[in-house]
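Colleague: Line order of the protein sequences matches chains D and R. Going by this note's numbering, the first residue of the first sequence is number 153, and it counts up by one from there. Going by this note's numbering, the first residue of the second sequence is number 25, and it counts up by one from there.
Hint data in this document are derived by calculation from the structure and do not stem from the laboratory. Errors might be hidden in some of the hints.
[Stated by the list, open to error] Result set (DSS-like, lysine-lysine): computed pairs, CA atoms no more than 27 Å apart in a straight line: (1) K470/D with K220/D; (2) K69/R with K371/D; (3) K470/D with K286/D; (4) K234/D with K200/R; (5) K234/D with K416/D; (6) K475/D with K214/D.
[Claimed, not checked] Computed, partial: chain R to chain D, Cβ under 7 Å: (7) L64; (8) P67; (9) T165; (10) S256; (11) F277.
The beta carbon of each residue, even a glycine, is placed where N, CA and C say it ideally should be.
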Amino acid sequence: MLERLSRGCVRAVVAATVVAAAATTLTACGGESGGPTTLRFVWWGNEDRATATKAAVAQFEKLHPDIKVETEYSGYDAYFQKLSTQVAGGAGPDLMQLDRATIGEYEHRHVLADLAGMSLHLDKIDANLLAGGKVDGGQYAVPAGQTTQMLVLDPAKFTAAGVTVPTAKGQSWTWAQFTDAITKVGATGVAGTTDFGWAIDWFEVWLHQHGKSLYTAGKLGFDANDLQTFWTLTGSLRDRKGVTPATATTKMDGSTQNSALVGKQSASEINYDSSLTGYLSSYGAQLAAAPLPSDGKDTGMAAMPPVSFAVSQRSSHKDAAAKLLDFLVNDPDAGKILGATRGLPPNQDIRTQVCGAATGANKAVCDYEAAQRDKVGPAFGAWPTGSSAIKRDFQRTYDDVIFGRISASDGAKRVVQNAQNSLS
Amino acid sequence: MRRTQGAAYLFLSPWIIGATLLTVGPMLASLYLSLTDYDLFDPPKWLGLDNYRVMFTEDDRFWAAVGTTARYVLFSVPLKLVLALAVALLLNRPRRGSGLYRSAFYAPSLLGASVSLALVWRAMFASGGTVDRVLAAVGITTGGWVDQPQYALLALVALAAWQFGAPMVIFLAGLKQIPRELYEAAAIDGAGPLRRLVSVTLPMLSPVILFNLVLETIHAFQAFTGAFVVSSGRGGPSDSTLLYTLYLYQRGFTDFRMGYASAMAWVLLVVVAGVTLLLFRGARGLVFYAGEDR
């Protein structure tokens, strides 16, 4: 080929490359599962959750020598990229972890098995939590825990700014106190809190405080004005260094790995308390949890499933998968091993046991949940199909807002318009 | 004659079967899917040309991805080729250890498409990463490139340009083919090094340059791994690394719009073929093919 490149030769090689390249663009991945009772179980989360889950799975394998469980885990974005590709290619896992944004979507695509009739014990699980796994009248997912929103913070950085934080039971703060606190911390050189405008989840809390909700009866429950107000609030805090700059906020995905707090770029961060164990193990035991600020009676915080487990409709070992699910949720040993790595255990009996004997990070979750019990409302309910696209578009648009490519008002309009398209 | 033809087809059959099943078949399937609404789970619904209409008239992100990809191609290809040619010229001189240098410069191309390398790149260009600190040491504070929309694509361009090994090797092979007599004659006529480069090397090398240009342009249009890994599959920050193929992937596998993604793949095919044709047209008269009457 390189002897002397004639015109014809160059053309032939190029033509072949164009065709081959176009073909590889859409080549999907395939896969085969192994022996008769090998299960695949996948989830996303931080390292501490992975360690605990793998230990629980090992315990399950010991009790059921005929079942082998392969596990996989990753970060949130990578998890769903991989899961959707595998499921579409018919190589999905048997047991998977889903969240509010994806349960409805996966059920509508006939990916999930109806759990009715499977040997599962759900009577010890709070009905409000269980409702989060119900779609179209069927139980398609089982909550893996109970969580609520929190502000996880480094008390030393707030003390250094001369601010006291309401971390004790019964304490709370107003928005004015909160914004004052984080701007004071911001003046010391580190952002008071991670910009909370990036996640639709925190906007949801804010909406509830204003008597609205993200979705009502499958329709959008807010308008562009609401979102503009919310993003104008975070924008003014960003100007005053109360919240993190755009370069830190753009990386947020709820994991401790990409957390601005763990990266020492902020002194606090809003997240679900099911991640508190992850924060404590990656940042240090000095972290504390405080409630989200609120002005009215409704704190907007809710007790909800952080994640849920679902069995694949296409699994050839549904019974074995249900057995594993039952074990993870209802077995006392599993409960002890898993602790609060997915929030409080969903089974009330096991929750009492785990919290009664809890130490360290697990105790921190139990204590926070106990302290907030009176202020926390029931679960917000499942999100409709299309909500995972809305969640992504929300964050993507906020990126454009914080980098100054679009105004908060235009961004809010775009989110609402795209959301209406996604829901229809 | 007939007999040898039969034997030829017999020997070709593994390729023919492979190409039909793995390339032509999927391509035709994707052409059909591009005319449907297909969510990967339910049977495709016929739409006609609706995917293409929406793409061209309603989808802002599509056009943003086209713009980003165009910038990426325009920056990365010339930079990579100039680097490849410059290094090839340096390595073409016989000197001790040139084999070692050749391998060393080629190594990034072998590793280039790998995910682990893109991860290293992300860490290097993050805020507080190697690049940030080295630049800060000489008084340039940019922050992390991959966290800022105005710099993120540059990090990807640098990643591409750094993998200049493959075109470099082809340039080297081309340089070896240039007859020494031409240089000797030019030297006798009093041509300096620059004159020899412009009047002997570049014209004699022009078919190889065209070859590399076309090949690298096609590769650049299809760049995916770097953007995917550096932005965790999101194309961020603020869609600044949303290359065409990444958006195609998102539509197909994240939004479950495989029909739309197929349509995008066909538009890419047509555009790449068109650009290739333009390059050939534009090169007419600029490329010198040895052995042809001129």
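Colleague: Would you mind marking each hint as holding or not holding in the structure?
Modeller: Results for each hint:
no.	hint	result
1	K470/D with K220/D	14 Å, holds
2	K69/R with K371/D	25 Å, holds
3	K470/D with K286/D	18 Å, holds
4	K234/D with K200/R	47 Å, violated
5	K234/D with K416/D	30 Å, violated
6	K475/D with K214/D	13 Å, holds
7	L64	4 Å, holds
8	P67	12 Å, violated
9	T165	12 Å, violated
10	S256	5 Å, holds
11	F277	5 Å, holds
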